[in-house]
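Colleague: So the sequence lines, in the order shown, correspond to chains A and B.
Quick note: the first sequence, position 337, residue 336 per numbering that gives the first Met the number 0, numbers continuous.
Quick note: the second sequence, position 210, residue 209 per numbering that gives the first Met the number 0, numbers continuous.
Do not rely on the hints blindly, as some may be mistaken.
[To be verified] Here are the computed distance ranges between Cβ atoms for each label pair:
#: 1; chain 1: B; residue 1: A306; chain 2: A; residue 2: Q122; range: 54 to 64 Å
#: 2; chain 1: B; residue 1: L17; chain 2: A; residue 2: D11; range: 54 to 64 Å
#: 3; chain 1: B; residue 1: V315; chain 2: A; residue 2: A169; range: 34 to 44 Å
#: 4; chain 1: B; residue 1: L129; chain 2: A; residue 2: T136; range: 25 to 35 Å
#: 5; chain 1: B; residue 1: V315; chain 2: A; residue 2: E476; range: 53 to 63 Å
#: 6; chain 1: A; residue 1: G425; chain 2: B; residue 2: V16; range: 34 to 44 Å
#: 7; chain 1: B; residue 1: L129; chain 2: A; residue 2: D201; range: 52 to 62 Å
#: 8; chain 1: A; residue 1: A169; chain 2: B; residue 2: V16; range: 47 to 57 Å
#: 9; chain 1: A; residue 1: K358; chain 2: B; residue 2: V319; range: 32 to 42 Å
#: 10; chain 1: A; residue 1: R79; chain 2: B; residue 2: F256; range: 42 to 52 Å
#: 11; chain 1: A; residue 1: E369; chain 2: B; residue 2: L17; range: 33 to 43 Å
#: 12; chain 1: A; residue 1: Q122; chain 2: B; residue 2: L129; range: 40 to 50 Å
[Unchecked claim] Under the rule of at most 20 Å between Cα atoms (straight-line distance), these lysine to any residue pairs were calculated in the SDA-like manner:
#: 13; chain 1: B; residue 1: K219; chain 2: A; residue 2: L362
#: 14; chain 1: A; residue 1: K389; chain 2: B; residue 2: N192
#: 15; chain 1: A; residue 1: K326; chain 2: B; residue 2: S216
#: 16; chain 1: A; residue 1: K392; chain 2: B; residue 2: G270
#: 17; chain 1: B; residue 1: K275; chain 2: A; residue 2: T391
#: 18; chain 1: B; residue 1: K193; chain 2: A; residue 2: L362
Keep in mind that the hints were calculated from the coordinates and are not lab data.
A virtual CB, placed ideally from N, CA and C, is assigned to each residue, including glycine.
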Amino acid sequence: METKQPVLSLKDIRKVFPGVVALDNVSIDFYPGEVHALIGENGAGKSTFIKTITGAHAPDGGTITVEGDCYTAMTPLIARQHGIECIYQEFNLIDALSAAENICYGQKLGKLVNQKKMNKIAQELFDDFGVDINPETPVRELTPGHMQIVEIAKAVSKDAKILILDEPTAPLSIAEVEILFKIVRRLRDKGVAIIFISHRLDEVFELTDRVSILRDGIYITTLNTKETNRAELIKNMVGREMSATFPPRNAQIGDVCLELKNLTGNGVKNISLKARSGEVLGISGLVGAGRTEIMKVVYGAEKKQWGEVYINGKLANITSPHDAMHKYGICLIPEDRKREGCFLSETISWNTVYNVLPKISHLGVVDQKEEGRIADFYGKSMRIKAPDLKRTKVFTLSGGNQQKVVVAKAMAVEADIVIFDEPTRGIDVGAKYEIYELINDMCEHGKCVIMITSDMEELLGMSDRIIVFGEKCLAGELEKNQFSQEKILDLASSSQNDIGA
Amino acid sequence: MKKKKTFGLLLKDNMMVLLLIVLLAVFGVLCPIFTGRSFISLANLMNVLGQNAYLFIIGVGITFIMLGGAMDLSTGFILSTVGIVMALVDGKVGNFLITFIVGIGLAIILSGFNGVMYSWLRVFPFIITLGMQYCLNGASYLLSGGMTRTFQGLSPWFKTLGGYNIKFIGNSYLKSGVVVAIVMVAIGSFILNKTYFGRNVYALGSNPDAVALSGVSVAKMRIAIFAIAGFFFGVAQVVNIGKIGAVNNSMGIGAEFTVMAGAMLGGIKMGGGGGKMSNMVIGVLIIAVLNSGMNFLNINQYWQYVALGIVLLFAVSFDVMQTRTAENAAKKVMGSAPK
Chain A
0 METKQPVLSL KDIRKVFPGV VALDNVSIDF YPGEVHALIG ENGAGKSTFI
50 KTITGAHAPD GGTITVEGDC YTAMTPLIAR QHGIECIYQE FNLIDALSAA
100 ENICYGQKLG KLVNQKKMNK IAQELFDDFG VDINPETPVR ELTPGHMQIV
150 EIAKAVSKDA KILILDEPTA PLSIAEVEIL FKIVRRLRDK GVAIIFISHR
200 LDEVFELTDR VSILRDGIYI TTLNTKETNR AELIKNMVGR EMSATFPPRN
250 AQIGDVCLEL KNLTGNGVKN ISLKARSGEV LGISGLVGAG RTEIMKVVYG
300 AEKKQWGEVY INGKLANITS PHDAMHKYGI CLIPEDRKRE GCFLSETISW
350 NTVYNVLPKI SHLGVVDQKE EGRIADFYGK SMRIKAPDLK RTKVFTLSGG
400 NQQKVVVAKA MAVEADIVIF DEPTRGIDVG AKYEIYELIN DMCEHGKCVI
450 MITSDMEELL GMSDRIIVFG EKCLAGELEK NQFSQEKILD LASSSQNDIG
500 A
Chain B
0 MKKKKTFGLL LKDNMMVLLL IVLLAVFGVL CPIFTGRSFI SLANLMNVLG
50 QNAYLFIIGV GITFIMLGGA MDLSTGFILS TVGIVMALVD GKVGNFLITF
100 IVGIGLAIIL SGFNGVMYSW LRVFPFIITL GMQYCLNGAS YLLSGGMTRT
150 FQGLSPWFKT LGGYNIKFIG NSYLKSGVVV AIVMVAIGSF ILNKTYFGRN
200 VYALGSNPDA VALSGVSVAK MRIAIFAIAG FFFGVAQVVN IGKIGAVNNS
250 MGIGAEFTVM AGAMLGGIKM GGGGGKMSNM VIGVLIIAVL NSGMNFLNIN
300 QYWQYVALGI VLLFAVSFDV MQTRTAENAA KKVMGSAPK
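Looking at chain B on its own, in the form it has when it is part of the complex:
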C-alpha cells in the first residue's frame, strides 16, 4: 500500500518528464514508419537541441520574471530590436566585444525599463509589456530603415557562440549554442537556489506583502528581476543570430509565447510562487520535441498550432486539478463522523 503511494507521488511530480518520454516514444515509432528516417537518433536529438538552444536561454529570463509574480509580452521584440542594433553596431564598429556589450546592455536596459514602469505604476505587467511590445516593434523597423532588412556577413564570433558544430559521439554534432544554454541555465539555477537574491525572487512571487514587511524593497527587486531577465534575453539573441548566421527584424518575435507556454507546461506557476529552472527546461523540451517531431512527419504548420494548444490546455488542467486536490486534502479533517 505504502509503496503504491510513493509511486503515485513520483508519477505526479514527474508527470511532465513522463509526457516528454511518451512524446519521444510516439515520434520514435511514427517517424520511421512514415518517413523511413529515425527520429530518436542521437544526431537528430542533438539537432533539436541546437535549433532550440536560444529558447532555453530566454526561458531562464522568463523563469525569473514568472517566479517573481510577473509576466513579459515584450521579450520577442526586445530580441528583435537588440538583434538589429547589434547588426548595425557590428557593421559600423566591427569589434565583436563592443557589439556584444552594446547588445546585452540594451537588452538589460529595455527589460529593466519594464521593471521600472512596473514598480512605478504597480499595475500588472501585462499592459506595460504590451506597450513595450508596440514601441519596440516600431523601433526595430525604424532602426532598419523602415523596412524588413536582413543583415549578413556578421562577426564570426556570433557563429562561434551559437552555431558552431562541435564533433560529438558518432555522426552527431553539439552546437555551441547548446553549451551556452547549459551555462546560462546553470547560472540561473545557481542564482535562484543558492543566493539571497534568488530567495527574494521566490518570496516576491509568493507573498509581496510579507516581502515589504520584511524590509526588502519590492520596487528594487522587481526592477532587478527584469534587468537580469534582460541579460538572458540579450545572450539568447546572440546565440540565435549565431545559429541562423544573419539578422532580420522578425527574429525572436513570438518566442515569448513558446517559452511562457513551455515554462507553464513544465510547472512554473503563473503569478509566481513555485517552480524550478528544471521545470522550464522540461517544458521547453516538450514543445521543442513536439514541434520538430511534427516537422519531421511533415505535418501542416496549422495542425502544429492546434497540437501545441491542446498540450498547453492539458497541462493547465493538470496543474489546476493537482492544486485543487491538494487544497481539498488540506481541508480534510482526521477521524470519522460521530454516531
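Pulled out of the complex, with its shape left as it was, chain A reads as follows:
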C-alpha cells in the first residue's frame, strides 16, 4: 500500500475559530483502496477536518493535495470535481422524489427528464451493491438503512474517488450495518478511498485498514488497524492534559434526593441512578447516547414509558415541566440555549422572571417592582454584564452572558434539583469559570446538580460521581477514586450488544 500515491493528502492544516484552535497542523494521507478510520472524542476536530476536505471550511494554513493538484483551500465545487463525496448523519435526500431520481439528481442525462435511464442507472447500482431496493420507491418510504444506501449510490454514480462517511452506522440496525459494510468493502476493492468516522471502536476494527486519531485538534498518530488494539486507541484518544483549573467546593453531600428506577422513555431504556443533595453528578456519554433525552423525561417534557422517579424518597408523578418545576423543584437548563433556553428578543429581566410569573402576578397582572427586584438579585449574583437589565435584550449579549440569563431564569424557580445540559458549551474561558462557581454555589446551598457534559475536563474536574451512558442505556458508574479518561471512553464507546441489557 505504501508504494501507492495518496489520492488525498492534507498537510499542516490549521483552523482557528474565535477562542479555539480547532485543528492544529494536522497532516494525514489517504490512499486509494483503503478504509481509513478517523476517531477522536467529541470536539476533537473530526467534523472540522471533514469540512476542510469538502470545502465547507477554508483552513487558515496548510495545503490540501487531491490527485496531484495542490490547494490552500477547497471549495465545494473543486471537491466535487475531484470526486470527493461526503455522507453526513442527516441524510441529504429529497423525500418526495424516488430513489432513482435522488441518485441522478443534479446530473444531466439529456435535455429532458429521462425516467427510464435514471431507473436503469439506479437498478445497476443496487444490483452491484447486492441490495433489493425498487428505484421507483419515493425516498420517504425507505428505511434509514436504505436511505443511506441511496446516498452512497448517489455518491458512487457521481464517480466518487474519495467517500467520507460521517458516523454512518448510528441510525442503522445491526443487519443494516452488515449490508453497509459489504458495500463499503466492495467500493474499497474498486479503489475508492473511504474515510470512516465512528464512535464505535469495534466497527473500526471490523472494517478499516488504518486508523488516525485526533485529540483537541491535534493529530496524534495513524496506526495500522491490524497492529493495534482497543486499549491503545483509547489511550491515544484521551491522554489529554488537564490544564483547566476548577474553583474549590465546600459542599456537604447529603441524602439521595433524586432516584430513577428503570426509567424508560424518549428512546432510552431502563435508566436507574441516584443523585444526592450537595453533589455534582456528572453524566457522560457520546452525543446521542440518550443523556439529554432521559433528562427530558425526568423533567416531564417527554413521555415516560415505564419506570419510576423518586424525589426525596417519595414516588413522583411528573407529567409536565410545570409539575417538575413548581411541584417537585426540578429545573432544567437546556443545552441549546437559543432554541430552548431563552427568549432572545426580550430583555434580561423579562427572561429572568418568566418561569415565576404566576408567583409575582396579582390577578394576572405582573408586579413589575417584584420583577425588578428578582432580576436585580440574580443579575448581581450571576454577575450578568449588561448596561440595563430592564432594557437590554438578550440577543445583544455574549454567549457567556446569555448562558447566565438562562441559568438565572432557571434559578429563579428556586429548585433543589438542577439539571444542567452542557453548561459551558460555546462560552469563553472566563465565563466558564464563573459558571463553575455558580454550580459550586448551588451545591454549597444543598442543591443537587446533574451535569450533562461532553467536555472531559469539565466532567472530571467538577463531578463528584460520574454516570456513563452507552447507546440509549446505562453503561456504568464511576466513583471519584475511579475517575479516568480511559475508563469513561471505554464505557461510552462500547456498543449496545457489548453492554447487554
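Assemble the complex: chain A is given as a structure, and chain B must be docked to it using the hints.
Modeller: Only chain B this time, still in chain A's reference frame:
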C-alpha cells in the same frame, strides 16, 4: 458625533411616525391645490378616525394573533357572519344586550375554533384560517337566505356604540366608535404589557419550544389568543354596524388584509416575537390616511391599491434591512486586523 447617533436611532425607531407625518403633509399641501378643501382640518381628521375606528379594534385582535406567531385569514368573514347573526337575533329578540352577547360569543367561538384546530393539527394557521374563511363565506349567505341581504332598522344601541357623533372642538365631531376603539386599544395594551398572559403571548411568538419547556401549555395559549382576538373582532363589527347603520353580507370582508398590512407596516413582526400595540395603531393610521387622502383627491380606486401595495413593500424592505443591519452589527468583532 454621539448626538448624531442618537438622532439616527430616534429616526430609525420612529420611521413609521415620520412616514405618517410626511403623508399628512403631502395631502395637506395637495388637497387644497386640487380640490380647494383642506385635508388637515380637525373636522376631516376626526372623520378619518371615525370611518376607520373598527379597523383599530380588529387590529387589537390581529396584533394578539401576530405577536403569538400566527396569522388569520378568516377575520373578515368572522365579522360578516357575526354581523348577519346579530341582525337576525336583533330582529327576532329585539333586546340589544342579548344580541350583543350572542354576537360577541359567536365571534369568540369562531375565532377560538381556529385556535383549537391550530393547536390540534399544529400546522401553520394559514391553511386553517383559509378553510374557516370558505366555511364562513358560505355560512353568512346561507344565514341570510341564500342571497345578499341588507338589514336595516337595527337597535339604536348600535349607533350609540359606533356611529354617534359627539360634539368636539369647533365644527368637528368625535364618533362614539373612536371612543370604543381607544378603550379597546387600551385594554389590549394593558393585557400585553402588564399581565402574565401578555408575557406569554410574546414568549410564544418568540420561542414556542422554550415556552413548552417552561411548563406553559402551548396549545391552551394558542386557543386563548384566538379566542381573545375573537372578542375584539366581535366588538369591531358592532362598531362597524353602528357607523354604517345597517348590516349586509360583505361588511368586514377584506378588513383582515388592511389590518395585517397596517400591523406589519407599523412594525409588528410576521411570525411573532416583536412589536407593540402602538405599532399597529401607527400602521393602520398610515393606511387610513393614505386611503382617505387619495379619496379626497378623487384618485381612482385601482391607483389606490397600487399605492397601498408600494407602501407595504417599502415597509417590508425597510424592516428586512433593519434586521439585517442589526444581525451584521452583532457579528462584527471588536478591534482591528493583526498586522
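Colleague: Hints first: check each against the structure and report whether it holds.
Modeller: Now for the hints, and whether the structure bears them out:
1. B/A306 - A/Q122: 54 to 64 Å: holds (59 Å)
2. B/L17 - A/D11: 54 to 64 Å: holds (56 Å)
3. B/V315 - A/A169: 34 to 44 Å: holds (42 Å)
4. B/L129 - A/T136: 25 to 35 Å: 33 Å Cβ-Cβ, so the 25 to 35 Å window holds.
5. B/V315 - A/E476: 53 to 63 Å: holds (56 Å)
6. A/G425 - B/V16: 34 to 44 Å: Distance hint for A/G425, B/V16 holds at roughly 39 Å.
7. B/L129 - A/D201: 52 to 62 Å: holds (54 Å)
8. A/A169 - B/V16: 47 to 57 Å: Holds - the Cβ-Cβ distance for A/A169 and B/V16, about 55 Å, lies within 47 to 57 Å.
9. A/K358 - B/V319: 32 to 42 Å: holds (39 Å)
10. A/R79 - B/F256: 42 to 52 Å: The hint (42 to 52 Å, Cβ to Cβ) holds, given that A/R79 and B/F256 are roughly 46 Å apart.
11. A/E369 - B/L17: 33 to 43 Å: Roughly 37 Å apart at Cβ, these two residues keep to the hinted range, so it holds.
12. A/Q122 - B/L129: 40 to 50 Å: 42 Å Cβ-Cβ, so the 40 to 50 Å window holds.
13. B/K219 - A/L362: The hint holds at about 19 Å.
14. A/K389 - B/N192: holds (14 Å)
15. A/K326 - B/S216: Distance ~16 Å between A/K326 and B/S216 Cα, so the pair holds.
16. A/K392 - B/G270: holds (19 Å)
17. B/K275 - A/T391: Holds. B/K275 to A/T391 sits at ~17 Å (cutoff 20 Å).
18. B/K193 - A/L362: holds (11 Å)
Violation of the numbered hints given earlier is absent; every hint is satisfied by the structure.
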